[in-house]
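**Student:** Now for the letters of each chain:
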Amino acid sequence: MATAQATRLAHNEPIPLADVPHLAFGGFRDEVVESVRSGGRLVALFGRPVDGRIRLYAVLALDDEGELAVLSADVPDRYPSLTPDCPSAHMFEREIAEQWGVVPEGHPWLKPVRFHASYRPGHDAWGRSSDTPILPGVQPAGTEFYRVEGQEVHEVAVGPVHAGVIEPGAFRFQCHGERVFHLEIALGFQHRGIEKALWEGPNRKSLRLVEQIAGDTSVGHATAYCQAVEALAGARPSLRAQAIRGIALELERMANHTGDLGALANDVGYLPTASYCGRIRGDFLNSTAMICGNRFGRGLVRPGGVGYDLDGELLDRMRKRVEPALVDVNGAAGLLWDSLSVQARFEGTGTVSRDDALALGLVGPAGRSSGLDRDVRLDYPSGIYRFHYIPISVQATGDVFARAYVRYLEVRRSGQFVLEQASQLPEGPTNVEVGPLTPSSLVVSLVEGWRGEICHVAITDDAGAFAHYKVIDPSFHNWIGLSLSLRDQGISDFPLCNKSFNLSYCGHDL
Amino acid sequence: MISIIKERLRQGRRTISYPDAPAPALPDRFLGLPVLDDSKCSDGCTACVDACPSDSVARDASGLSLDMGRCLFCNDCVEDCPAGAITFTQDYRLAARSRADLVVRSGTVYEPARQLDDKIKRLFGRSLKLRQVSAGGDNSAESDLNVLGTVVFDMGRLGIQFVASPRHADGIVITGPVSQNMKEALLRTYEATTSPKLVIVVGTDAISGGIFRDHPEVNNGAEGLLPIDLYIPGNPPHPLTILDGFLRLMGRLEAASLPAVHTP
Chain A
1 MATAQATRLA
11 HNEPIPLADV
21 PHLAFGGFRD
31 EVVESVRSGG
41 RLVALFGRPV
51 DGRIRLYAVL
61 ALDDEGELAV
71 LSADVPDRYP
81 SLTPDCPSAH
91 MFEREIAEQW
101 GVVPEGHPWL
111 KPVRFHASYR
121 PGHDAWGRSS
131 DTPILPGVQP
141 AGTEFYRVEG
151 QEVHEVAVGP
161 VHAGVIEPGA
171 FRFQCHGERV
181 FHLEIALGFQ
191 HRGIEKALWE
201 GPNRKSLRLV
211 EQIAGDTSVG
221 HATAYCQAVE
231 ALAGARPSLR
241 AQAIRGIALE
251 LERMANHTGD
261 LGALANDVGY
271 LPTASYCGRI
281 RGDFLNSTAM
291 ICGNRFGRGL
301 VRPGGVGYDL
311 DGELLDRMRK
321 RVEPALVDVN
331 GAAGLLWDSL
341 SVQARFEGTG
351 TVSRDDALAL
361 GLVGPAGRSS
371 GLDRDVRLDY
381 PSGIYRFHYI
391 PISVQATGDV
401 FARAYVRYLE
411 VRRSGQFVLE
421 QASQLPEGPT
431 NVEVGPLTPS
441 SLVVSLVEGW
451 RGEICHVAIT
461 DDAGAFAHYK
471 VIDPSFHNWI
481 GLSLSLRDQG
491 ISDFPLCNKS
501 FNLSYCGHDL
Chain B
1 MISIIKERLR
11 QGRRTISYPD
21 APAPALPDRF
31 LGLPVLDDSK
41 CSDGCTACVD
51 ACPSDSVARD
61 ASGLSLDMGR
71 CLFCNDCVED
81 CPAGAITFTQ
91 DYRLAARSRA
101 DLVVRSGTVY
111 EPARQLDDKI
121 KRLFGRSLKL
131 RQVSAGGDNS
141 AESDLNVLGT
151 VVFDMGRLGI
161 QFVASPRHAD
171 GIVITGPVSQ
181 NMKEALLRTY
191 EATTSPKLVI
201 VVGTDAISGG
211 IFRDHPEVNN
221 GAEGLLPIDL
231 YIPGNPPHPL
241 TILDGFLRLM
251 GRLEAASLPA
261 VHTP
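So the sequence lines, in the order shown, correspond to chains A and B. Letter by letter, the first sequence follows residues 1 to 510 of my numbering. Letter by letter, the second sequence follows residues 1 to 264 of my numbering.
Among the hints, erroneous ones may be present.
Stated by the list, open to error - Quick partial rundown of chain B residues pointing at chain A, CB under 10 Å, derived from the structure:
no. : residue
1   : 8
2   : 42
3   : 46
4   : 127
5   : 129
6   : 134
7   : 137
8   : 140
9   : 149
10  : 173
11  : 210
12  : 218
13  : 226
14  : 228
As the list claims (entries may be wrong) - Sample of chain B residues facing chain A (criterion: CB under 8 Å; computed from the structure):
no. : residue
15  : 62
16  : 139
17  : 151
18  : 189
Said to hold, decoys possible - Cut-off 30 Å, straight-line C-alpha distance, at most; resulting in silico cross-link-like pairs (DSS-like, lysine-lysine):
no. : chain 1 : residue 1 : chain 2 : residue 2
19  : A       : 111       : B       : 183
20  : B       : 183       : A       : 196
21  : B       : 119       : B       : 129
I should point out that these hints are in silico values taken from the structure, not numbers from a laboratory. Even glycine gets a Cβ: it sits at the ideal position worked out from N, Cα and C.
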């Protein structure tokens, strides 16, 4: 793989910031594009101010080799966009433009991501003055929503407040009758300034902020954060702590996937499975609450290990709760696979091709449903996953059925893993001391959250504090997948397609 | 069809009997109502105050206090306190009608929310239709609101329902710290709700901004934006805490029929 000039590193292995190669922009661009063309994957692309300029960092994943590569380059206020040659860079470049006011020239769809003012006063990628109010979802002049022209074409706009108890986003459908030509999604309504607040850390707030990046992924993001901090501090949590983290991470996956199976059933009007799964999801959440008191696993994962230990009696009770819940999921989901009317609605609906998924860099169940066999637990194992292998669940059809079935398989396989861990928890302490962080270093931490690859990149300053902290929720890669899945579908298929991805608004908006 | 019926029989009935019967048991490690005892504090000790990530604990001339409207229920104060002056009970009944009621002090007895006045109770006491707005919420409180609609809680049997249109709603339920980007949409949804209407804030973020308090990107919760009728603390609140708050607001839980609130 062509990453000749990039520095190779393992994930969770800090390297001195000085070892990150600093290239001229042309070389940087060539290197990223060439690496992605030859099988690499863009995990992170972000900017930060260094000496009055914006320095871009790219993190590439070389999945076949289980290694990462990192490189950097400075950019002036305008630079040739990577996106035309590397589509998976499209959202990253929009984010960089919004945060730092640098323009990727030639970007095909350059718009704000989260609707906030530039972090560099006086530098705005859309030429807005500092006193121009920024309204969420309202596109700067010249970047209007995509429009299809034609006598019989009409537009449907929904959001940000949707029917139901759900997070806000704005959706524009370009339709001909019931048929959708294109869906454009505008997010940013949930923007809370998390990433910027993390730059001040680590402090007593950091872990709690991270737990609320996406509340349904508290364990996933907290684990990514703790791995980064532990790597920078040279701390090694015990295997027991790692196993407890693994149990919590898989319970999080099982709860959310089960909830999604129920939601999918509900959206095609198949109420038995919808009712059962809504309840079984709670059984998994309550299993997490048995460990740490909180249904979403808050307070469990912390730097150095975990906040709660599990004794034999508690593990036994947890097994007795998880085992029947798994049987119930099988029964509830089995009805879905046996019901022809459900299958008629799932199969062939909302298809995303493998080529598109690959080009756009889809991750997690969304990518695996389109035939991409990527899974951090397998490709970049850390913690307990170095010793316990969970089979990867892949489907080829890329439709709603595939996204549902991958979830079902993952619930089963994660369930097996949880039961195994609970019956043979390694001995050891639950916590080790975490000292100060290594100064002037960079670390990349990856976790396979239930929606897919969670990536945290931490850069420390010369005092060991965060000089920069980058968070990439899997949804950041995957929202475009939902857009694509709607092409040529009935507009009434939207809820079904949407549930089959079930992406995070707050995780995206940060 | 036969497989559906067989599965129905196998899965069984799962709806809880609450509020007619006692609430189901909460996990042993659940953190509910905090109880303070500042007679245990040593002079000048501020370990709990320093540990709190959301500035919910204070210790001043009037003693130790904990603001449940800011509390993340994270246990950091308990862990750092050398004297055990703060403990969390398993009492899930945390909802309050006024912001000041959420501040717990040493030696005081916490009173769960009082019901609406008679006129409002006549209007909303039997059926409550609510429009939910997630305003920067992280999808945890939203998830646990959705849980109330599952067969376990089956909130509909109690006359409570989430509706799609604010025009059909008796009030709105707000989650999240009210991001600046959702402020306008929240206010418009409130405007669109027909009067008389209720405002319920669910979760620490919606009450005070929570961990995001004072971020320029968020309002510090819904306080000051809208008149709030019910505060339900927690990060996120347990579904039982939310349901208890709703029922209390409707006057469906008679205070006298409940066991005494936990005191030290």
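**Student:** Evaluate each hint against the coordinates.
**Tutor:** To see whether the hints hold, each was checked on the structure:
With a least beta-carbon distance of about 6 Å to chain A, the hint placing residue 8 (chain B) at the interface is held under the 10 Å criterion. A least Cβ separation of about 21 Å between residue 42 (chain B) and chain A goes past the 10 Å threshold, and the interface hint is therefore violated. Checking residue 46 (chain B) against chain A by beta carbon gives a least distance of about 13 Å; that is not within 10 Å, so the hint is violated. Violation of the interface hint for residue 127 (chain B) is found here, the shortest Cβ-Cβ separation to chain A being roughly 18 Å, above the 10 Å cut-off.
Restraint check, residue 129 (chain B) versus chain A: the minimum CB separation of about 13 Å is more than 10 Å; hint violated. The beta carbon of residue 134 (chain B) is positioned within 10 Å of a beta carbon in chain A (closest approach about 5 Å), and the interface hint is therefore held. Taking 10 Å as the C-beta contact cut-off toward chain A, the hint placing residue 137 (chain B) at the interface holds, the least distance being around 6 Å. A cut of 10 Å between beta carbons decides the hint on residue 140 (chain B): the least distance to chain A is about 3 Å, and the hint holds.
For the restraint placing residue 149 (chain B) at the interface with chain A, the shortest Cβ-Cβ distance is roughly 8 Å, inside the 10 Å limit, so the hint holds. Evaluation of the residue 173 (chain B) hint against chain A yields a held restraint, the C-beta minimum of about 8 Å falling below 10 Å. Interface restraint check for residue 210 (chain B): the shortest CB-CB distance to chain A comes to about 8 Å, inside 10 Å, so the restraint holds. For residue 218 (chain B), the suggested interface contact is upheld, since its CB lies about 5 Å from the closest CB of chain A, less than 10 Å.
The interface hint given for residue 226 (chain B) is violated, since its Cβ lies 15 Å from the closest Cβ of chain A, which is over the 10 Å cut-off. Hint on residue 228 (chain B) is violated. Least Cβ distance to chain A is approximately 19 Å, over the 10 Å limit. Of the supplied interface hints, the one on residue 62 (chain B) is violated, with its beta-carbon coming no nearer than about 24 Å to a beta-carbon of chain A, more than 8 Å. This hint holds: residue 139 (chain B) has a C-beta 5 Å from the nearest C-beta of chain A, less than the 8 Å allowed.
Satisfaction of the interface hint for residue 151 (chain B) is found here, the shortest Cβ-Cβ separation to chain A being roughly 5 Å, below the 8 Å cut-off. Because the smallest distance between the Cβ of residue 189 (chain B) and any Cβ of chain A comes to about 6 Å, under 8 Å, the interface hint for this residue holds. For the suggested pair residue 111 (chain A) and residue 183 (chain B), the alpha carbons sit about 22 Å apart, so the restraint of at most 30 Å is met. At most 30 Å may separate the alpha-carbon atoms for a hinted pair to count; residue 183 (chain B) and residue 196 (chain A) meet this at roughly 21 Å.
Restraint check: the Cα-Cα separation between residue 119 (chain B) and residue 129 (chain B) comes to about 17 Å, which is no more than 30 Å; the hinted pair holds.
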